Each structure stands twice: as C-alpha cells, then as structure tokens.
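Peer 1: Chain by chain, the residues run as shown.
Protein chains: 2
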Amino acid sequence: MDPTAHVPSLADIENAAARIAPLAQVTPVLRSASLDALAGCSLHFKCEHLQRIGAFKFRGAANAVFSLSDEDAARGVVTQSSGNHGAAVALACRLRGIPATVVVPRTAPAIKLAAIRDFGARVVLCEHDQASRDAATAEVLRETGGALVHPFNDARVIAGQATATLELLRQAPGLDTVVAPVSGGGLLSGTALAAHAQDPGIRVFGAEPEGARDAHDSLAGGTRIVGRRAETVCDGLRAELGTLTFAILREHAAGVLLVDDAEVVAAMRLVWERLKQAIEPSAAVTLAAVLRYPERFAGRRVGLILSGGNVDLDALPFARAA
Amino acid sequence: MDPTAHVPSLADIENAAARIAPLAQVTPVLRSASLDALAGCSLHFKCEHLQRIGAFKFRGAANAVFSLSDEDAARGVVTQSSGNHGAAVALACRLRGIPATVVVPRTAPAIKLAAIRDFGARVVLCEHDQASRDAATAEVLRETGGALVHPFNDARVIAGQATATLELLRQAPGLDTVVAPVSGGGLLSGTALAAHAQDPGIRVFGAEPEGARDAHDSLAGGTRIVGRRAETVCDGLRAELGTLTFAILREHAAGVLLVDDAEVVAAMRLVWERLKQAIEPSAAVTLAAVLRYPERFAGRRVGLILSGGNVDLDALPFARAA
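One line per chain: the protein sequences are A and B, in this order.
Position one of the first sequence corresponds to residue 1 (the UniProt record's numbering), numbered consecutively onward.
Position one of the second sequence corresponds to residue 1 (the UniProt record's numbering), numbered consecutively onward.
Since the hints were derived computationally from the structure, they do not count as laboratory data.
It is possible that part of the hints are untrue.
Said to hold, decoys possible - Sample of chain A residues lacking proximity to chain B, with all beta carbon distances greater than 12 Å (derived): (1) Ala-21; (2) Gln-51; (3) Glu-167; (4) Met-268; (5) Lys-276.
What the hints assert, rightly or not - DMTMM-like cross-link-like pairs, simulated, lysine to aspartate or glutamate; straight-line CA separation at most 20 Å: (6) A:Lys-112 x A:Glu-273; (7) B:Lys-112 x B:Glu-273; (8) A:Lys-112 x A:Asp-129; (9) B:Lys-112 x B:Asp-314; (10) A:Lys-112 x B:Asp-235; (11) B:Lys-112 x A:Glu-273.
Please read all numbers here as calculations on a predicted model, not as lab measurements.
Cβ coordinates follow ideal geometry from the N, Cα and C atoms, glycine included.
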C-alpha cells in the first residue's frame, strides 16, 4: 500500500486508536460558559496541547511508527520537520526502540533542535530551501534504508490524527460542527474522516490564517497551490496541502475559514484568560474562526481542536514585560 | 454555631461537597512525566484554576452562601475582598438569587472591581487600611442585616475549600503528601482536615512566599503574628492566618515550606511550559516548594493544589514583549 495514495477508512482509524492507546494521552475536553456566551454557541475544546510532546502530532507519528513491520522498523524512520512532527517522530521511535533521523534546516531555532535530540533522534542539518531538505532526506533514506514518515501526506499519519476526533465525539456526544486548523491538511483530513464516519451530517471546517491561505484558495479554485510564501504568527500553519490531503478535503471539508493574525492573537488571549490553557497561536485559529463567522455557528454544538501548546513564553504576541 | 470557632468535621466536609456539587466544577488532575523526573517524585496537580471564577475560592463561598437559611439569605451576604473571594461570593449570591455586597479598598485595580460587579454584586469602596475596611463592613452589616462570609476564618468556607482535597484523593488514590499554598489558611486548613479525615498518615505541607512568611513564623513560634507588611509576587498570598485557621494548622500541618519569588516565577513558568496551564503566581508556590526541598518529597506520591489562574497577561513576571 502506498501511504500517500490511500484514504483511511473507519477501520484504519479504529486500528490507529487501538494501536496508540497504550502510548498517547486521552486528552480532556474543556468548556467555558463565558466563551459560549461570547460565541453564541456551545463550544467543546479538545485539548490536544495536553497530548504528549504538547501537540496532536504525536498521534499520527505514533500510528505510523508502530504500523511498521519489525523488519522495516529495525532500519529506522526518517522525516523532515523542525516543529512538532519532528519531536513526535523522535518520541515515537524512542518508545519503539528504533533509530529516528530528523532532517532540519540549519536556520531552525536551537531550542527546537535540542527538543528533537532530547527525544533521542539524530538530527541532520541542511539548507533552508525545500530542494535541499528533499535532497538531504533522500540521502538519509538511501543510506539507512529507513522508512519515511511524512508530516501529513501519509494515510497512517492521517488515521492517527483522526483519533483525536474519534475521542472528541465520544466525550462530547451530539456535536454538529467541528473546526480544526489547516496547514498541510493532515489534522483536518483526519478530523473530517472521523467525523463523517460517525455522521455524514457533521459540518467540518478548516481554520486558516490569511497569511497562509493556500488551503482556502486551493479548495476554492479546485487546484492545489504550491510555492507561495506564508507569513503569519501561526508558526505551525505554514505548510501547503499535499496531494492526498487535498483530495480528502475536496470531498469532506465544508469550507476553510480565513482569519487574520490580530484575530488569532485575540482568540489565543481569550483561551488563556477564560480556559486558563497555554495554547500556541496555531491552535487559536479555530476559536478565531468561530468568532469571526458567527452566522456559521449560531446555536450549534461545536468541537474545536486545540492543536498544540508549544509556545515561546519569552515572545508572547500579547504580553508586555512586567 | 459561631462559624469562626468551629473546626469542620468530615461530615461537614461531605455535606459541603454535596451542597456545592450542582454548582462547582469537578476539576481535573493533571500529570507530567517531565516534571516528575525533575522533581524526583510523582506529582498530581489538582486544577482549581479551572474552578468557576478561576480559583478554589468558589468552593468555600458557595458552601457558605448556600448554608444560610432562607430567612438569613434574603438579607444578603457581605464580605470584604478585592480578589478571588469577592468574585466567588458575588457569583455564589447570584446563583442563589440574593444580594451581595463586597467592601473593596478604592486602591484596588478597576479590572477587579469590574469582575465583582459583573457577577452582580454591589461594591462599597473604602480606604485601604484594615480599620477602614472593617468599619465599612460593619456599617454595611448594620444597614442590611446581612450575613458576613469571611474569606478564610469561617468553618463553612474551610469546609468548602476542603472539598477540593476530598475530590483529589478520590481522583488520585494513594497520595501520601499534599501541598497547598497558605495565606489566610482557609485552603490549607481544609486540605489538612480532608486529608487527615481519610488517612492521618498523609503529610500536609503549606507553601508560602518568604515575603509573606507569617504562617511559617506563627506556626514555628506558637503565636499568631499579625500586622506585618507582605511583599511578594504572589498577590493572592498576602493575608495573615486567622484565629480558627491558626488553631487548625497547629494541629494538622506538617510544616510550612518557604520559597522565594524567583523560585515561584520559575515554577510558574514550568507549569505553563510543561502542563500548558495558565496559573497565577500564588498557585506556583506548591511546585516551587517541592523543587526547593527535594529531600521532603523524594519518591513520594504528592498532590499539589493549583489554586488559581487569574493572572494579568499584560504583566507576566517572565515574559518579554514580542
């Protein structure tokens, strides 16, 4: 099976849930009466920032890594990411006891490299451009014979991300709408597949920053857009859709809602103040979208995926020094 | 029964739990493998910053307000507090549908007055010194015939605060140590009474900032100290023990552990980064104490009360502007 060309089924998602159950956290769902009043609907926040490594990414990485045969696994896993996916693959490989190699541009912050190395992965540095990253990744794959685990264009990863919504719909029965951030589309694809496997009537929206609106424009225009430069405070939402995620979202997403960075920062602050949850900007696009498009959500029972909480406390977008 | 001279029994605490069950949140208990490794013991964080009004104070206020007879309740409730207790009494009275009056020094931040008024309470302003507060409170009590609900020197309030620990011990069975912040001593008294009602072998520590060390010194010297000036980043921990809480803590507390403000800020940052929980400085004294006195906690199963999350995001003690 080519993992870049397979749409996960409900069975795939349920298998993923069983596979990662001993590894991943069952994250809580939080509510806030004051945010409900502000939004004019009932909000159910799925706390994936409380997932291991502080982001939903652990679900997909763990499912992919633990799906490998023992023989394949022994040669190790390779990926490219300077963010949460790199840390997720590193941790999943450490838990399975196999080598991980993460290709990272040498411009990545030292703190992110340290996090990946802390989980026991080998870091291979390359230049920043995509061609250099791809060349370095191919070189490592050749050298090790390892398995590639792509951050989003991979059915195993998508099935893993889908387990968050499977869990959410069990914890908060009767949701009629779910909103997830969209970047490469792995989380949103999994969210939509899990929701529609339960009930095809559930509306699934992506939320995307204006400064990285390729998913919105790709789905609106029917052609996958690549090669744009993303500019947004949401450092986790700068990737572009893959071939597989584009195909899934054309089928399953009710739409992608655009929000600007000021709205993201205001929503992030609301989550910190009212829910007392330290989420990263990328996770706040969901609430920002609900507040910007109230007519889409009025009176609804809405699930929102709080995707991650890895934020630099020294560079908060709303804090002044004390 | 004089509420300032009665030590709550287990029955009082269980009655309080039943009384506030329809009103209060059952708050989650969070864990972190990396904080366990850092501390050298197993930590169970009781998330009272996720309680209504963002602090445990709602438990005690709700128990006191809903303990009143209908006749007494109809005349309303009076308290003095510019902080979480004022908001807690205001909300509890709104839920019961009775008037609340909160005496607040005119030096209190406008945002805190607004929060109390938002919950529907009348705010009476007075001068900052304790004599003025007491005079204004006495005047309101005379004028309204209302019931006083003291922030901590009150058996109904202590029994309410104790319910947090009753809940914690059910959620995390087998704890052998519990740490709570100490200020006026209502939370720590309730924590100790609830813990020792379950198992007299559980060790209960207070955690207190060096700059407000009256509880430590009072218990060490055997005489209740009053009239000192508190200076600490923990704005919720500047009160002094009351007569009732001093008596309870002499009997029940294994000790008060002092931490300095830098340790509090470092512990607060750890909770934000590792647990992704936006707690206020006063809530971080517990983890600061565990990290400062590792020999007291090595290998133990420790409960920590995260007491509140009402923090000014514009004045974080560790953030620089982005």
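Peer 1: Run every hint past the structure and note whether it holds.
Peer 2: Against the structure, the hints:
1. Ala-21: It holds; A:Ala-21 is separated from chain B by about 17 Å at its closest Cβ, greater than 12 Å.
2. Gln-51: Non-interface label fails for A:Gln-51: nearest chain B Cβ at 10 Å, not farther than 12 Å.
3. Glu-167: 15 Å, holds
4. Met-268: Since the minimum Cβ distance to chain B is about 10 Å, A:Met-268 lies within 12 Å and the statement is violated.
5. Lys-276: 4 Å, violated
6. A:Lys-112 x A:Glu-273: Distance ~27 Å between A:Lys-112 and A:Glu-273 Cα, so the pair is violated.
7. B:Lys-112 x B:Glu-273: At roughly 27 Å apart (the allowed maximum being 20 Å), B:Glu-273 and B:Lys-112 break the hint.
8. A:Lys-112 x A:Asp-129: Holds. A:Lys-112 to A:Asp-129 sits at ~18 Å (cutoff 20 Å).
9. B:Lys-112 x B:Asp-314: This hinted pair holds, its Cα atoms lying about 15 Å apart.
10. A:Lys-112 x B:Asp-235: 34 Å, violated
11. B:Lys-112 x A:Glu-273: OK: B:Lys-112 and A:Glu-273 at ~14 Å, within 20 Å.
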